[in-house]
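Colleague: As a plain string of letters, each chain reads:
Protein chains: 2
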Amino acid sequence: MSVFTNTFSFEILHRSKKSNARVGRITTPHGSFMTPAFVGVGTNGALKALGHDEAIEAGMDLMFANTYHLMVQPGEDLIREMGGIHRFSGRDRPIITDSGGFQVFSLAYGSVASELKSQGTKKHSNSVLKITEEGVKFRSYRDGRTIFLTPETSIGAQKKIGADIMISFDELPPYHIPKEALRSSFERTHRWEKRSLEHHKQDPSDQALYSVVHGGIDPDLRKKSCKILSSMDFDGHAVGGSLGKNRDEMIEMLSYTIPCLPPEKPVHLLGIADLPSLYSSIPLGIDSFDSSYPTKAARHGTLLTEQGTLRIVSGAYKEDPRPIEEGCPCRACRTVSRSFLHHLFKANELLGLSLASAHNLSYMIRFMDRVRQKIILDAV
Amino acid sequence: MSVFTNTFSFEILHRSKKSNARVGRITTPHGSFMTPAFVGVGTNGALKALGHDEAIEAGMDLMFANTYHLMVQPGEDLIREMGGIHRFSGRDRPIITDSGGFQVFSLAYGSVASELKSQGTKKHSNSVLKITEEGVKFRSYRDGRTIFLTPETSIGAQKKIGADIMISFDELPPYHIPKEALRSSFERTHRWEKRSLEHHKQDPSDQALYSVVHGGIDPDLRKKSCKILSSMDFDGHAVGGSLGKNRDEMIEMLSYTIPCLPPEKPVHLLGIADLPSLYSSIPLGIDSFDSSYPTKAARHGTLLTEQGTLRIVSGAYKEDPRPIEEGCPCRACRTVSRSFLHHLFKANELLGLSLASAHNLSYMIRFMDRVRQKIILDAV
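Line by line, the protein sequences give chains V and U.
For what it's worth, my numbering labels the leading residue of the first sequence as 17, then goes sequentially.
For what it's worth, my numbering labels the leading residue of the second sequence as 17, then goes sequentially.
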């Protein structure tokens, strides 16, 4: 139980005998859910092409919303006026928001993939105007107005939005960064996280706050980050920053990072929930994972099944009368065949995007159900 | 009861004492529904942005699908192989298909509105290759292949698609047409309809066939069309062709056309279901109306309410916590506020399109419910 909130808690119900995997329960003011959990991404306060009713039907317990996007549209003040994100969006179940930092710095540096392509020569985009000790000044992509994001304004915005779980404001350094610059960014990001926590403490309300572990792919810095953040009263810890240039680098980094975090606090992995990464990182003791991949892939016609991914636009499914996956309880599998879904994609029908998204979300939720059962049986 | 099918019937349950409006029940192999009925348009076999589950939840009894689009994608042969449109699409309720003629001739001549703009100078688009006594040859917009649509191939395609109600293949002459050309088109369209019926009779299966009344805005031709078509064994009659350059012209045309049709057969108005047209034409004795307007308007942010239309993207709804319409049972009104729906549109979220479409469809269905109640009370 956090000392700041009396409504957030994390209980560990079972620790695997085979690994550091654990089954837990996180309780928030909007309900409890089991971990490890897949966290669907509802950037603008709703999953892409899916209603909250459909997400709840699929069994999604926690939704991840993006503070940056919500600040730009409709604005955190409007959300507060409307009674907070739950009442505003009509979702009465747990919600987590990020700090906005990831989006701002992604705009500045681009993704790791685009960086690898550009060999680190890509300069700041002109949307980021200035980064100082105080915070980062950027231009709204929507209306051009200047937004100043600091630990205090990020936490302030997240408080107005009113998510159950917030994330500290941090700096996301690029993958290609000189060692000295990484160290300097590292120190600043921990000062920003401390300021985030201090600002949160002034009025904790019913919200919880997670830190973000940094240090890039430098083992010493990652361990140092865990030490610094563990000494503070965060309700949980998220792992962020540059996770490496491929999955192996990420798993290696996680394998020396997670053991340095306090085992009684929940751990979230930011932005990663592809199946191979889940298989590799759940045994390390990570409790929640957000990713827009399942819904984004769905909109591009890539469907997740136990037999692997299925490209619904492929001619192979043109006359396939079976559901996407036998036994799947999702709306798509209940109501349409692969053949009709193939047709909907070929005919550019929006309904195809909704049905495919419902399936992939359901798949991820059911995948996590099975993982939890395996952990309880000490099989993971 | 048709002499050709034993599963299609139209019963008149009440005739208004105030007008020619009537409440009826149409029975098809996939169920019965009450008339006057609003018929949602599912061009490619599904409503835009709405699943069959949502359409059924909204109370939509009959879906209109477009043979032209289904021939182009996925093709009528595939639909037959998949067990017909009901099994293929997963909709187990009544479906009506058109002949494909409307789309082909619209491509050739454009809409009445664009014609009025062009003063009738617009020539055939190059998608229509040739119109002969036999039929019309056109190029598929999808893959460029030549499709030859005749009364026999249209009915053949509609039989493969397997809708409960089919529509005769007809010619849609442009609004700007010399009197002699209209008469010549008029005669050909009735020969085509006769061939449609004869082709249908060869294997009526469980399908019903409606004629299409033609004659443009010439009262004598319209009356003559009714006389010709009434003498044949159609299961019902649709009113099509150029309906006039505005609503007044259309209502005038309908007012001398409908009384010439056999009162015991159902009458469908093709492509028109805006509220003022419904108010004016239901008292004339029309039983069903298809239109893509409610779902198309929804996708453009125009919502139907008893207080008139509402432009959800307007700033007026930015902070409006009310549902679109108090008391509306639709998914949008149950789950989101005007404020959140406004935000979804501003943020370009697909979910906004689905929710708005669900509302407008529900509105039309409930509007028709009320109309039927009023007819029963002799108030319409």
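Take these hints with a grain of salt, some might be off.
A pair counts as met if it fits within one copy or between any two copies, since identical chains are not told apart.
[To be verified] Here are the simulated BS3-like pairs of lysine-lysine, each with C-alpha atoms no more than 25 Å apart in a straight line:
hint : residue 1 : residue 2
1    : Lys64     : Lys362
2    : Lys312    : Lys362
3    : Lys334    : Lys195
4    : Lys312    : Lys64
5    : Lys239    : Lys261
6    : Lys261    : Lys281
7    : Lys153    : Lys362
8    : Lys176    : Lys362
9    : Lys217    : Lys176
10   : Lys362    : Lys239
11   : Lys176    : Lys334
12   : Lys281    : Lys334
13   : Lys281    : Lys195
14   : Lys64     : Lys153
15   : Lys217    : Lys281
16   : Lys217    : Lys34
17   : Lys64     : Lys34
18   : Lys195    : Lys210
19   : Lys281    : Lys34
20   : Lys281    : Lys146
Keep in mind that the hints were calculated from the coordinates and are not lab data.
Remember, predicted model here, so these are calculated numbers, not experimental data.
Colleague: Indicate which option fits the pair Lys362, Lys239 if close means a Cα-Cα distance not exceeding 25 Å: within, between, both or neither.
Modeller: neither (50 Å within a copy, 43 Å between copies)
Colleague: From the Cα coordinates, with 25 Å as the cut-off, is the pair Lys281 and Lys334 best called within, between, both, or neither?
Modeller: For Lys281 and Lys334, neither the intra-copy (48 Å) nor the inter-copy (39 Å) Cα distance is at most 25 Å.
Colleague: Between the shortest in-copy and the shortest cross-copy C-alpha distance, which are at most 25 Å for Lys281 and Lys146: within, between, both, or neither?
Modeller: Neither, since 35 Å and 74 Å both go past 25 Å.
Colleague: Pop the pair Lys64 and Lys34 into one bin, within, between, both or neither, using alpha-carbon distances up to 25 Å.
Modeller: Neither: 37 Å inside a copy, 50 Å across copies.
Colleague: Checking Lys64 and Lys153: alpha-carbon separation at most 25 Å within a copy, between copies, both or neither?
Modeller: neither (28 Å within a copy, 41 Å between copies)
Colleague: Is it within, between, both, or neither for Lys176 and Lys334, if the alpha carbons may be no more than 25 Å apart?
Modeller: between (48 Å within a copy, 17 Å between copies)
Colleague: At most 25 Å between CA atoms: does that hold for Lys334 and Lys195 within a copy, between copies, both, or neither?
Modeller: neither (53 Å within a copy, 47 Å between copies)
Colleague: I want to check one pair: Lys281 and Lys195. Are their C-alpha atoms no more than 25 Å apart within a copy, between two copies, both, or neither?
Modeller: The answer is neither: 30 Å in one copy and 84 Å across copies each exceed 25 Å.
Colleague: Within, between, both or neither: how does the pair Lys312, Lys362 come out at a Cα-Cα threshold of 25 Å?
Modeller: both (17 Å within a copy, 20 Å between copies)
Colleague: Which holds for Lys281 with Lys34 at a C-alpha limit of 25 Å: within a copy, between copies, both or neither?
Modeller: within (20 Å within a copy, 74 Å between copies)
Colleague: Tell me, please, which holds for Lys64 and Lys362 at an alpha-carbon limit of 25 Å: within, between, both or neither?
Modeller: both (20 Å within a copy, 14 Å between copies)
Colleague: Go through the copies and call it for Lys217 and Lys34: within, between, both or neither, with a Cα cutoff of 25 Å.
Modeller: neither (38 Å within a copy, 72 Å between copies)
Checked against the numbered hints listed earlier, the structure breaks hints 3, 6, 10, 12, 13, 14, 16, 17, 20; every other hint is satisfied.
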